[in-house]
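Colleague: Just so you know, the sequences run in chain order A, B and C.
Position in the first sequence (first residue = 1) + 5 = this note's numbering.
Position in the second sequence (first residue = 1) + 5 = this note's numbering.
Position in the third sequence (first residue = 1) + 5 = this note's numbering.
FYI, nobody ran anything at the bench for these hints, they're computed from the structure.
All values derive from a computational prediction rather than experimental measurement.
Where hints are given, some of them may not hold.
Intra- or inter-copy, both count: the list cannot distinguish identical chains.
[What the hints assert, rightly or not] Restricting the straight-line Cα-Cα distance to at most 35 Å, the calculated cross-link-like pairs of lysine-lysine (DSBU-like) are:
#	residue 1	residue 2
1	K182	K68
2	K165	K105
3	K273	K130
4	K68	K273
5	K183	K273
6	K212	K246
7	K105	K121
8	K121	K86
9	K90	K273
10	K273	K121
11	K246	K68
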Amino acid sequence: MRITATFLDEISHDIPHQNWGADEWDLDFRFMKEAGIGMVVLIRCGYRRWQTFPSQVLIREEKCYQPPVDLVELFLRLSTKYGMKFYFGLYDSGRYWEDKDFWTNGSYEREVAINKAVIDEVWNKYGHHSSFAGWYLSQECSRNNGKIVEMFSTLGLYCKQVSGGLPVLISPYIDGKKSISQYTTQTSRDSGISLEDHTSEWEQIFKGIQGSVDIVAFQDGHVEYDELAAFLATNKQLCDKYGLQCWTNSETFDRDMPIKFLPIKWEKLKLKLEIAASVGIENAITFEFSHFMSPQSAYLQAGHLYNRYREYLESDNH
Amino acid sequence: MRITATFLDEISHDIPHQNWGADEWDLDFRFMKEAGIGMVVLIRCGYRRWQTFPSQVLIREEKCYQPPVDLVELFLRLSTKYGMKFYFGLYDSGRYWEDKDFWTNGSYEREVAINKAVIDEVWNKYGHHSSFAGWYLSQECSRNNGKIVEMFSTLGLYCKQVSGGLPVLISPYIDGKKSISQYTTQTSRDSGISLEDHTSEWEQIFKGIQGSVDIVAFQDGHVEYDELAAFLATNKQLCDKYGLQCWTNSETFDRDMPIKFLPIKWEKLKLKLEIAASVGIENAITFEFSHFMSPQSAYLQAGHLYNRYREYLESDNH
Amino acid sequence: MRITATFLDEISHDIPHQNWGADEWDLDFRFMKEAGIGMVVLIRCGYRRWQTFPSQVLIREEKCYQPPVDLVELFLRLSTKYGMKFYFGLYDSGRYWEDKDFWTNGSYEREVAINKAVIDEVWNKYGHHSSFAGWYLSQECSRNNGKIVEMFSTLGLYCKQVSGGLPVLISPYIDGKKSISQYTTQTSRDSGISLEDHTSEWEQIFKGIQGSVDIVAFQDGHVEYDELAAFLATNKQLCDKYGLQCWTNSETFDRDMPIKFLPIKWEKLKLKLEIAASVGIENAITFEFSHFMSPQSAYLQAGHLYNRYREYLESDNH
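Full structure from sequences and hints, please.
Modeller: Okay, here's the thing in C-alpha cells:
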C-alpha cells in the first residue's frame, strides 16, 4: 500500500501554519513527487473569513479577507509542473460546525448557494489548468444527520456539471472512540458508534450520493487500532455495493498524544496502511504531507517519518 | 506599519524556554536589528522565585533563586552593541494573578514596595548603560479593577523620578472573546467586553495614569479579527485625548490553535498590522520576536514568518 | 552532580515519537556518551499492544502488534558499542493505570505472570549481551496502594533469580502538587501529599521491597521547587535506612507549561540537580535524553539544553 495523494491544509483551522512562501511549496511538491504522491487535495478554499485565493464571491458574500497570495494559482501551477492532479476543496463558512440549527434556519441553503457561486467562479478562473482534476466536498461528516445526503449530492452534481464530469471526493470520519474535539485534552471517550450503526447509516448515505460522489476516503484515526480492520472492511464492502471508490485517508498525525497534533509514529502509520490493504483498499490519501511527513516540516519528526516511509517503499515488505 | 520593538520573554511563565546562551542572544539581536527592531522590552525581571539578574532585593524579600546568568547585563550590553533601546520590566510576584484578595490584604502594598526597591537597585546597578531607555510595568490588566490606576501611577512616577524621567510603557489586553486562560483547551468564549464598557473603563484608567505612563500598547490578540478595528480606533482616540502614545502590541503567536502557543500565520499578522495602521497607530511592538519570529527559533514556523515579514518590508505594500 | 543515566522512551505513551532509525539511535548514544551518560533504561518493553521487540509471549498473551524493528537488540548492541549499561523495562498492559479493580479482579496476577514469562523470554534471547546490566520495573507508583509492595518484590526477585542477581531499578513519583494527568490543561493542583504521609508510606514500601529492588530514583517534577529539598532528603534517609541506593530522576521536560511537554529550562534542571546533591544524592538519571536533551531532538530547545549542560560540566561549578 502506497500513499498516492495528500491533502493540502490550506486554510487550516487547527494546525499551526508553517508560513511557507512559493519556494517552500515548490520544494514540498518535489518531496511529495519523490515519495510517490501524484495527487493533492486542497482541504478547503476558505474557512470563515479566511481564503486561499481572492474570491470575489467570498469577499462579497462572506466579507472574507483579501489573502496575501493566490494559493490556488500556485498549487495548480506546481501540480502541472510536477505532473500531479489537483482537487479543489469547497468553501466552509464554519456554520456547519458551529450552528446547531444549520439544517433548518437557512444556513444550509446559504452554504450550498455560496458554494455553487464559488464553483462557477473557480472553474472560470482556474479550469483551464491541465492539473485541475477534481473536487473535494469539504464538509466532513460521520453520521446520516440533517440533510448531509442532499448537500453532498447537490454539490457533487454541481461540480460535475460545471466541470464536464470531473470526479468528486469526500473524506468522512468514523464516529469512534477517538472522535472528540481537538479543543479538549482527552484523546478518547468511553464508547464510539457500533459497527452495526455505522454500517446502516452509511448504507443510507451511499445510496443517496451514488452518482454525485466518486471517491470516499474515510479518515482512519477515530477508532482504536484493533477496531480499524472491521470498520475499513465495512466501508469497502459498502463502497463496492454502491459503485464508489473506497480509499483510506491515513492520517499522519498522532491522535493519542497530549500535544494536538504532532507527526504519528511510523509503526502506527505502517499498521494502518497494512490493515487497509488487508481488506482490499488500494488507494491511500493522507492528512497531510506538509506538516506531518515533509522533510522541511517545522516538526522534525515528520522528516524522519518521510525517511522511514521511503525505506519501506524501497523494501520488499510493502 | 513596521514592528519596531519586541518584548524579551524572560522570565517566561507559559512559553517553554529555548535555553539560549550568550551567543544565541547576540545573534538574535542581530536578526532583530536587520528586521528594523530598535527597542527591546524585558517582559519582567522576575516572576515568583525566578529572576533575570541576581537581585539582592528579590533574594532577600522573595527568596528568589540565584540565576545562572545575569540576563539584564547581557541584554543591556547587546542593546548598546546594536544601537537599540532597552526597557526594564518590573518584578511580578505572581500574587497579582493568583490572590483574589490582592488589593485588600496587603499584597498590593507589598508588590509596590518590593518593586520600588527593585527600581532603586536596578537603576544603581545598570543605569549607567547608555541603552537603558525606559521602564515597563509588567502587571497586565484589562479592566479598571482594584487599585490598578494607583499601582500604575505610583510605579510609573517612581520609575521616572529615579531615572530622570525615562518613559514608561504598559501593555494591557482587551477583555474580549479570546481572553481566556492559556491553561484551558478552549480558544474563545461566547462573549467579551462590549466596546462601550471597554471605552468607559479605559477612559477612567487613562485619566488616572496620564503623566505617569507614556506609552500604551494594547495586546491585539484577545478579540476576533473583525472586531479589532473598532477596539484599536477607540484605544487610539482615548490615548490622544489623554496625551498617551498609542502603540499596538501585535502578537506573533496564534491564539486560535489547540497547541498553545506556536507562531502566527503571516496573513493574520499582516492583517492586524494593517488594521492598526488604518486607525492611525504608528508604532508596533510584538510579543515576541525570539520564540515566534526569529530565524533561530525552536519553532521553525518562526523563521518562515521572519522571511515573509522581511519580504513585506521590501515590497511596496507596507 | 552529573546525569549518568537516561531512560529510553520506548514504547512511549504520551510523548510524540521521533521516528528515528538505526542511524539516529547510534548518533544519540554517542551524544549521551559524550555528555557522561553510561547507562540507559528502556522505560518499558511494551505498552498495551505495542512492543519494542517481537515478543512471542506478548503476541500470544496480549495480541501485541508485530513491531517493525527489534529495538531491544538495537539498544543492546549500541550499549555494547559505546560501553554503556542497558536496563530492560518490563511490560505494562495499561490495566495498572486504567482498571480501578486491578488489584482485586485478577489483573494484578495476570500482569505478574505475563511479566515473568517476558523476563524468561528476554533473558534467554538477550541475556548473552555483555551490556545487559539490570532490570527496570515499569509500574510507577507514588503511594502504598494495593499490592504494590508485593508486585515490586515478586518481580524484582524474579528478575534477579533469572539473571544471576542483576540489579533492579524503580522510579516512583511523589504525589505532590504537580501530580496531575498529562491529559488536563492544568499544571498543578491545590495540594499534594504531606511530607509526613509520604515518609510513612514509603517507609512501609521500602521495608517490603528491600532485597528485591536495588535502586530507587524518584521523579523530581511533581512538587514545587521550594518543596523539593525536603522530599529528596526524606527519600535519601529512607533509602539509607533500608539499604537501597537513592538516585534522583531529574526530569528534563517542563511540567509548568501549557504545552505538554517540551524541554525544561536549564536553570530549573540545574537547580534540581543541585538540590539533589545538597541532600547527599550521588546519582542522577533523567527522563529523558533523546526528546529533551539531545542535539538531534525534534525539539530544538533540547540541543541548547545539551550545550548549557556541557558548559556546566566543563565549568568549576558542578
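Colleague: So, for every hint listed, does it hold in this structure?
Modeller: For each hint, the structure was consulted:
no. : hint           : verdict
1   : K182 with K68  : between (37 Å within a copy, 20 Å between copies)
2   : K165 with K105 : within (29 Å within a copy, 55 Å between copies)
3   : K273 with K130 : between (41 Å within a copy, 26 Å between copies)
4   : K68 with K273  : between (42 Å within a copy, 15 Å between copies)
5   : K183 with K273 : both (15 Å within a copy, 31 Å between copies)
6   : K212 with K246 : within (9 Å within a copy, 66 Å between copies)
7   : K105 with K121 : within (23 Å within a copy, 54 Å between copies)
8   : K121 with K86  : within (29 Å within a copy, 59 Å between copies)
9   : K90 with K273  : both (27 Å within a copy, 29 Å between copies)
10  : K273 with K121 : between (39 Å within a copy, 27 Å between copies)
11  : K246 with K68  : between (43 Å within a copy, 32 Å between copies)
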